[in-house]
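Asker: So the protein lines, in turn, are chains Y and X. Mind the numbering: the first sequence is residues 1 to 309 in our numbering, read in order. Mind the numbering: the second sequence is residues 1 to 309 in our numbering, read in order.
Don't read these hints as lab results, they were simulated from the structure. Please read all numbers here as calculations on a predicted model, not as lab measurements. Mixed in with the good hints there might be a few duds.
Identical chains share a label here; the pair holds if one copy fits it or two copies do between them.
Straight-line C-alpha distance at most 20 Å; calculated SDA-like pairs for lysine to any residue [stated by the list, open to error]: (1) 252 - 305; (2) 252 - 306; (3) 245 - 229; (4) 188 - 47; (5) 169 - 306; (6) 245 - 83; (7) 188 - 214.
Chain by chain, the residues run as shown.
Protein chains: 2
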Amino acid sequence: MSAKVLVIGAGAIGAFYGGVLARAGCEVSAVARSDFDAVKANGYRIESTLGDLSWRPAQLVHSGADYEGPADYLLVCLKLTASTDPVALIRPALGPKTVIVFVANGIDVDGPVAAAFPHNELIAGVAYAAVSREASGVIRHHSQFTRLILGRYPGGPSATAERLAALVKQGGSSGAATDDIVGTRWQKCAWNTVLNPISALGGGLGTLDMLRSEHTTQFVRDAIGEFSAIAAAAGHPLPGDTIDKLIAGTLKLPNYVSSMGQDQLAGRPMETEALLGNVVRVARRLAVPAPRLETLYALLKMTEQRSAG
Amino acid sequence: MSAKVLVIGAGAIGAFYGGVLARAGCEVSAVARSDFDAVKANGYRIESTLGDLSWRPAQLVHSGADYEGPADYLLVCLKLTASTDPVALIRPALGPKTVIVFVANGIDVDGPVAAAFPHNELIAGVAYAAVSREASGVIRHHSQFTRLILGRYPGGPSATAERLAALVKQGGSSGAATDDIVGTRWQKCAWNTVLNPISALGGGLGTLDMLRSEHTTQFVRDAIGEFSAIAAAAGHPLPGDTIDKLIAGTLKLPNYVSSMGQDQLAGRPMETEALLGNVVRVARRLAVPAPRLETLYALLKMTEQRSAG
């Protein structure tokens, strides 16, 4: 019998992996809000380098409470802004044996979900996927390098994570299971925690704009260095060549404005706490100096205070 | 015989103090660029709480080379952006006995002028004056608290500074001479070096937006603390209550967007090096840690690199 999956937060990432799992034979449903009508009419249209991943939800619902379950998996793909409450979105759709698959960016983001649902299995996920929402229900998948890494929270081996990774591969994308998903979160944030806030504070700065001189490149290195020291103190040391690889990798790509930079330009809420505030709090707790990250964080908070003030 | 004054950089500050010196009986001329036609027609119109300070230049010229001098004083009031070269602007108007009065914001800004004209007396000036350019040749003076502090560079007593301060008072404003004008520059920058870049990086943040929470207020205090340590190491310690006074003073004022914030919003060049870059370089030279100021500086440089890239 095919696995029943409900996607919560069917933005670009959620809709994309919904399509991958549908192609793997799962019965995939979705909770939709602003895209409801478009998806009701046309399903999700996914333009991908992997081929056509378009799919039509088995059930399309306005809220998890309307879903006829129980689901085997809740695929939760949320942007973690101040106004998003994952626990509240998960609760109405959760059966006693439902596995929560929590695909998100940030540090210390899984704890509240794990605490709220101690009897459900929690698989945390880190997605590397260049996808964007082009229109209501229309997702574009830009690049071949795409990977979903899955692991039980807070750590250790998991047959469920292995099974999910196999489904992702079956759907034609790249999936992998890890015993240390929290370490994977730290690795992804080495980029996101530093570059996303810089992009926002520069008014939508591109990645290459940050690296046009030795001086500013050194600053980026120093800031990632702070992050790296925090990760190590938190028990998740990054590989020694992380900074060199990130800089070299960035220089090979186009001048890309990060999601947070785009959010800032558009006046949308940003993942300030998930990406940066939580990291700064870990640094304080572990007494790791992080004045550069503290500065980025204070500046972002000031921009939020302006909107509120 | 009345003193001959040529104002170079007759923006808001220059036109205002030109008017003050004209009222004190000086023969005041001006170099004008974009405002030339308006000033030729109507003179400088200065709407001030001190009364009408409007004045008509004795000579209105396009360049210092056109001035029929020699001037007793060059009143140089420039915004020190990357594209402004004070030495090049001063040179053509300078007589052998002309005193250079260099009213500017920033740290380490006088040295190049002193080095270029070693045989002319150099009086450095720090202006506290809420003035703005409302239109071509039209200046508005907003507040009663206005003061021009003057002193010979790099330090020591100066009869010339005393005489100029007396002229400013005679013109109806507040003028004072100091033996430590470099210390005065550090004092003014305790505010400008920190708050101006923050305002720009927040996309035109107001002063109160920076202080709406304990967290961000503490950041502002920490950043001014770095500045204060640099000033002390440079031999110009700030009074012990500087931070408290700056914060308290700011909280009493409206939510004001600094000139650098306004420049950033308008896409105009900013005084990045004069206000912040030079301070960071002093910190490096004297091995004073300044990671918060380094961060602000790197972020500003990145925004400049974007424009250039």
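Asker: For the identical chains here, do residue 188 and residue 214 meet the 20 Å Cα criterion within one copy, between copies, both, or neither?
Answerer: Result: close neither inside a copy nor across copies, 24 Å intra and 30 Å inter.
Asker: Given a CA cutoff of 20 Å, do residue 252 and residue 305 count as a within-copy pair, a between-copy pair, both, or neither?
Answerer: Answer is between: at 18 Å across copies they meet the 20 Å cutoff, but 36 Å inside does not.
Asker: Is it within a copy, between copies, both, or neither that the alpha carbon of residue 252 lies no farther than 20 Å from that of residue 306?
Answerer: between (36 Å within a copy, 17 Å between copies)
Asker: State whether the alpha carbon distance between residue 245 and residue 83 is at most 20 Å within one copy, between copies, both, or neither.
Answerer: Answer is neither: 34 Å inside a copy and 36 Å across each miss the 20 Å cutoff.
Asker: Using 20 Å as the alpha carbon limit, work out where residue 169 and residue 306 are close: within a copy, between copies, both or neither.
Answerer: Neither: 45 Å inside a chain and 40 Å across chains, both beyond 20 Å.
Asker: Since the copies are identical, ignore which copy is meant and state whether residue 245 and residue 229 lie within 20 Å (CA to CA) inside a copy, between copies, both or neither.
Answerer: within (17 Å within a copy, 36 Å between copies)
Asker: Checking an output row: residue 188 and residue 47, CA cutoff 20 Å. Within, between, both or neither?
Answerer: Classified as neither: same-chain Cα gap 25 Å, cross-chain 57 Å, threshold 20 Å.
Hint compliance for this structure: hints 4, 5, 6, 7 are not met, and every other hint is.
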